[in-house]
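**Student:** So you can see what is in the structure, the chains are spelled out below.
There are 2 protein chains.
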Amino acid sequence: MDGILIELPFASKNPHKLIEANIALRDYGVKLVPVDVEKLEIQSEDLEKIVTYAARYAYSILRKPVVVEDAGLFIYALRGFPGPYSSYAFKTIGIEGILKLLEGVSDRNAKFVSVVALALNESDIIVFRGEVEGSIALKPRGSEGFGFDPIFIPQGHTETFAEMGVWRKTLVSHRGNAFRRLGEWIVKNRDKLIRLL
Amino acid sequence: MDGILIELPFASKNPHKLIEANIALRDYGVKLVPVDVEKLEIQSEDLEKIVTYAARYAYSILRKPVVVEDAGLFIYALRGFPGPYSSYAFKTIGIEGILKLLEGVSDRNAKFVSVVALALNESDIIVFRGEVEGSIALKPRGSEGFGFDPIFIPQGHTETFAEMGVWRKTLVSHRGNAFRRLGEWIVKNRDKLIRLL
Numbered sequence: 136m137d138g139i140l141i142e143l144p145f146a147s148k149n150p151h152k153l154i155e156a157n158i159a160l161r162d163y164g165v166k167l168v169p170v171d172v173e174k175l176e177i178q179s180e181d182l183e184k185i186v187t188y189a190a191r192y193a194y195s196i197l198r199k200p201v202v203v204e205d206a207g208l209f210i211y212a213l214r215g216f217p218g219p220y221s222s223y224a225f226k227t228i229g230i231e232g233i234l235k236l237l238e239g240v241s242d243r244n245a246k247f248v249s250v251v252a253l254a255l256n257e258s259d260i261i262v263f264r265g266e267v268e269g270s271i272a273l274k275p276r277g278s279e280g281f282g283f284d285p286i287f288i289p290q291g292h293t294e295t296f297a298e299m300g301v302w303r304k305t306l307v308s309h310r311g312n313a314f315r316r317l318g319e320w321i322v323k324n325r326d327k328l329i330r331l332l
Numbered sequence: 136m137d138g139i140l141i142e143l144p145f146a147s148k149n150p151h152k153l154i155e156a157n158i159a160l161r162d163y164g165v166k167l168v169p170v171d172v173e174k175l176e177i178q179s180e181d182l183e184k185i186v187t188y189a190a191r192y193a194y195s196i197l198r199k200p201v202v203v204e205d206a207g208l209f210i211y212a213l214r215g216f217p218g219p220y221s222s223y224a225f226k227t228i229g230i231e232g233i234l235k236l237l238e239g240v241s242d243r244n245a246k247f248v249s250v251v252a253l254a255l256n257e258s259d260i261i262v263f264r265g266e267v268e269g270s271i272a273l274k275p276r277g278s279e280g281f282g283f284d285p286i287f288i289p290q291g292h293t294e295t296f297a298e299m300g301v302w303r304k305t306l307v308s309h310r311g312n313a314f315r316r317l318g319e320w321i322v323k324n325r326d327k328l329i330r331l332l
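Chains A and B supply the protein sequences, listed in that same order.
Take the first sequence: its letters are residues 136 to 332, numbered as in the numbering used here.
Take the second sequence: its letters are residues 136 to 332, numbered as in the numbering used here.
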């Protein structure tokens, strides 16, 4: 670190995502700052495609480097459902719906995936992926975090994300992993990034 | 009709939709022909927004009038789920998943919505909406149609869409209603449309 904290625009209205991203990035000399720009998401089963398109679109409005993130819960026994549409599924059928779909299903394995995209310009979009394997709890536990956190138990742990709290969650989470990869990239490319900001 | 059949590009790879659209349009002197252009769909809970964006995008590639359609099954007890993501829900949790989500739920009311957009140019997008109220059957019945047709019973009927077959389905369906509205618009605007094609 050369003592300068890089502030990078983050196209998200989700305060939980902002906090988790900045926890993951705290050792990399960079801080995300929310920016009010429309996050245009396309329909796709491929999170990389969704964030690449969204990052390009956000750049086309802001005209400076910008970060976007998208994430999903992929439940194997449900052929990946709810996947990229996790926040819609959360708003409609909710945790209760997911648990109902898994009633009598023995395979409760799932993974959380987060994909972060940094747009340096309209054609130069760098993508960072983070994943965490785990399983779906039999009932919701814990009150921290957001979305499906109360029913996701990361592999090697017994608590759900919502029981862990944001600091311990971010140490192992898909989002923590993806943003740490962004952090590593930024450490190696500080000068280039500072010139573009 | 002046005896000329208008052939209009339809950005869809779904053969069922093409057949249903052309059944609905057969009295209006217009026939849709499939065109191989990427259908870019954004994530939104608003089908009008999705088709407007998709129609504009398809026009930007084709540079001539083009029709797109999007549809969804909105189940009231599930807060509208699966809505605009019906085809993803069909591929993942399927009919079985929807029936499981409704186990023990007394309100099985739902509606099918279809929204058709005709792009005349990049800024002139005309939207036609069709709806049909109905309910979700206790188990799938019938083998015609596609998607959730085997579990949707339109109001005032006892058969599911999949039992009705495509001709009787289209007389009452959301898609039939939306495309008949497109047909009525075309009858009134034949000359304008022919000039643009």
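Read the hints as simulated data drawn from the structure, not as lab findings.
Errors might be hidden in some of the hints.
What the hints assert, rightly or not - Derived contacts from chain A toward chain B, CB cut-off under 8 angstroms, selection only:
| id | residue |
| --- | --- |
| 1 | R161 |
| 2 | E176 |
| 3 | I177 |
| 4 | F216 |
Glycine included, every Cβ here is placed at the ideal spot set by N, Cα and C.
**Student:** Please go over all the hints and tell whether each is borne out by the structure.
**Tutor:** Hints, one by one, checked against the model:
1. R161: 31 angstroms, violated
2. E176: 4 angstroms, holds
3. I177: With a closest approach of 6 angstroms, the I177(A) hint holds.
4. F216: Holds, about 4 angstroms.
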